[in-house]
Amino acid sequence: MRITFVGFCCFLFLSLGDAIAAEGRLSRKAEWESTIKAAEQEGQLVIYSLSEIGDIFVNGDFQRKFPKIKISVVTGQGTDLVPRIMTERRAGKFLGDVADLGNTSPYMLYQAKTLDPIASAFLLPEVEDESKWWQGKHQFIDPEGKFIFVYAAAPLYLVGYNTKLVNPMEFKSYWDLLNPKWKGKTVVFDLQSGGFAATRERFFYHHPELGPEFLRRLYSEMDVTLYRRFPQGEDWLAAGKFALCLCRHQSISKAKRQGLPVDLVEPASFKEGVGVETRAKTLVLMNRAPHPNAAKIFVSWFLSREGQLDFQKTSAKYVDAGAEGSLRTDIPKDDIPPRNRINPGIKYIPQWNPEQFDMKPISQLINQVQAKSGKP
Amino acid sequence: MAKTETAQPQIVSHPWLPPLDGGLLLMAVLIGAMGFYVLYPLVLILINSFNTATIAEPPVYGLKAWQEAFREPGIWRSLLNSIKIGLTLQMFALPLGIFLSWLIARTNILFANVFEFGFWISFFLPALATTFGWMLLLDPSTGLLNMWFRQLPLGGLNFDIYTFWGIIWAHLMTHGISTKVMLMTPAFRRMDASLEEASRMSGAGSLTTLLRITAPAMTPVIIVVLLLSVIRFFSSFETELLLGVPWGFYVYSTKIVDLARQEPPLVNQAAALGSVILLFLAAFIPLQRRLISRRQFTTVTGQFKPKVVDLGVWRYPATALVAFIVFLLDVVPILSVLGGSFMTRFGFFNLPKTWTLEYWKMALSDPRILTALQNTLIVAVSAACFGVVIFSLIGYVLVRTKLAGRGILDSICWLPSAIPGVLSGLGLLWMFLGTPFFRPFYGTLVLLAVAAVLGGITLSTQILKANFVQLSKELEEASRMSGAGFWKTYFKVVFPLMAQTMVMVAVIKFMFAAQATSNIILLATSETRTLSLLALDQVAAGYREVASITVIFIMLLTLGVALIARSFGLKVGIRTE
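If you read the protein sequences in the order shown, they are chains A and B. Note that our numbering gives residue 241 to position 241 of the first sequence, counting from 1, and the numbers run on in steps of one. Note that our numbering gives residue 1510 to position 510 of the second sequence, counting from 1, and the numbers run on in steps of one.
Think of the hints as simulated: they come from the structure by calculation, not from any bench. Heads up, none of these hints are tricks.
Derived, one-sided and incomplete: chain A residues facing chain B with beta-carbon distance under 10 Å:
#	residue
1	V58
2	K93
3	T225
4	R229
5	L260
6	A321
7	Q364
Just so you know, even glycine gets a beta-carbon here, dropped at the ideal spot from N, CA and C.
Pulled out of the complex, with its shape left as it was, chain A reads as follows (with noise of 0.2 Å):
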């Protein structure tokens, strides 16, 4: 008798668990549908996007799935954009929903606390799940945790070379770039252009097996050219005037695409380990929003499992790099070139710290060291 009571207050229970969840999901399905209408009202959806990004989301499904919100994509590079949300927004216009900025770009947004914790935009329990995502979590640049939100990264190539004059082997160490016999060899691509040059002088300086030493030494002692404007330096790499390019991966992949004789040094075979960038694959969702639920509808939709495998679809179309690699591993990656997949593994350093941001020592060791070899 006591058993049948037991289980009858267990099947009781169950059913209980299973009701307010139907009810929990009937819930999130109404208020899914609820904000879709809300958002086909507002029919408009801004995104501010860094220029290579841009087209992947004017030409990605979303468009096709919601019709009535139009998308609306004003791209320029992270040092226009910055500047214009912030002069926009002290003049009382509220403009964008959502942004694309790359790394130290929303930073500064976030710093300006101009942005809303983007899971307030998670409709869908599949985005909220983190077992979903690469090591088992979101991953945030940003110190709390909630508003510069990581959705796709890929290992972090730093050394290319003419397969002519090279042989990749030789490479165990990045302390191996500074052997003698590449002295004027190397070709650089100069840290004040910004991006992969930063991410890299960064991975350089921070890593505590390289560190300012190693810098120091590369720019004093590696008598290295700088350049800023591609391709130059691929170019130069390609034609073997340098056997060495400390250049973007995506041009020498491309390059080596095209027949030249270049390629990549794998950077798992260096012990001091990989590093691993977001490419600039980075969401936030900005406050006084003019278009809250058509925000949280695309935020929604674009990292769920079908908005991410059209995302690493239409990324294949519109990045020189080839399909970019999702952080969500419930999702297939056969569709990404090998060298923009997370592989398992390996261990990986994540370059997104904003702790490490800051470029003016490393810029400022650089000119130091630069000013006493005799280049301003």
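Mind docking chain B on chain A? Use the hints.
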């Protein structure tokens, strides 16, 4: 009676001009409008140079940005480098420009109009493509010309584009010469042949006449072109980035762009550095005004003789020289642009697949191209039409009236040239968002068109002004004596005489607007994106070759407009016999 006699000449002298009160009102409107357009963003930029807060913080004012800007490593050396490059370049470019303009406009060389258009083409070609083209030819180790020279018995002749003289060469081949020929030729064409004939009658040869009669008579336009070139140099940085950075050679504008473009952007420090160019202008504007106003430079009078000089036996060598220079200026960049679009990799001739149509297919199938083309046409045509009307009015008022405030208006028109593009774009954004009248238009093509009309104020007004100086008042007075009013005189007399210059200014404004990036990028959205902004987006996404095709579209558009406008200008303008 005496009262009537004294009053009469004032009325009769310029009856078609607005009466005194109307004139003052006109000047007040012009100074007010131009002051607002030009000074307001400039003042905002200057105010921001004293803002010591980061872009994410509320403003805090102080001198820190100025102190830090001028403590930038290598800043003084870069300023010295800019001056060295600017002066050296003008030492070659200016005499060559004067000589070529004279050959085209004042002598009987063959195909003069074709050659003149060749200089226009060079002016329209992107400087970056020209520099990449010469890098391919003159790289000391891999340059095609250098490799060819090495095979010749020339004793190891080897040119290095990555040197000071390499930078000078690249500037000469980009816009250093073509700008001058383009701007000066219409003025040379309006030179009265009787002056030169008088010189030759006194025993002077053609060269002596050029040096002692023609060139001095062209002083206003020469000074304006020289000053514009020097100022333009302070905002040029692309050539130095490509040819100077690899051997540690930086110019002043590179430092400004570095500060404005770094993360986080130090706009205030960049603005502090930009103010040095304003100081330069403050010194040179009065000097330029004094040089132009101390003498009479009228070359087009009622007895105007549009006759050219017969070069005799020198006709063919002179034709060959001009043809060779046009060849150098046009062929390398055109091949560079075309090579960049048809070659799998520009400059690499030994690839398994050297040539491809893939990039053209990508460019032509880009769904954004039609909207961008439409936007470009709206913005550029607005800039060309409104720009010519507004700036010719300003130029005319500055030269033809004695209204108080002309010095102020003239100075205002010079100021925009001192602001690097990366800062002027921000200044315009601040102005448009800070002005309730403009705010509703934010995000539309209207503000892009307004920004484009404002682009190139200095060049437009100063060139028109320098050309108005050449026109004798007697032509307008004769028109008036025949009973024509202001507008009839303007369209029947002034306009035909100035047609070539106005057409040239309209085409330049069209080109500036079609190629504009930094001053409109902060105002555009994906709906209002122009071709030049589309090209920027394509470069950012790694599709440099597709971007070069977009640039070709801009060039073709500009060349088409230039051809139409030029044939119109040559038909209605002054023609030589």
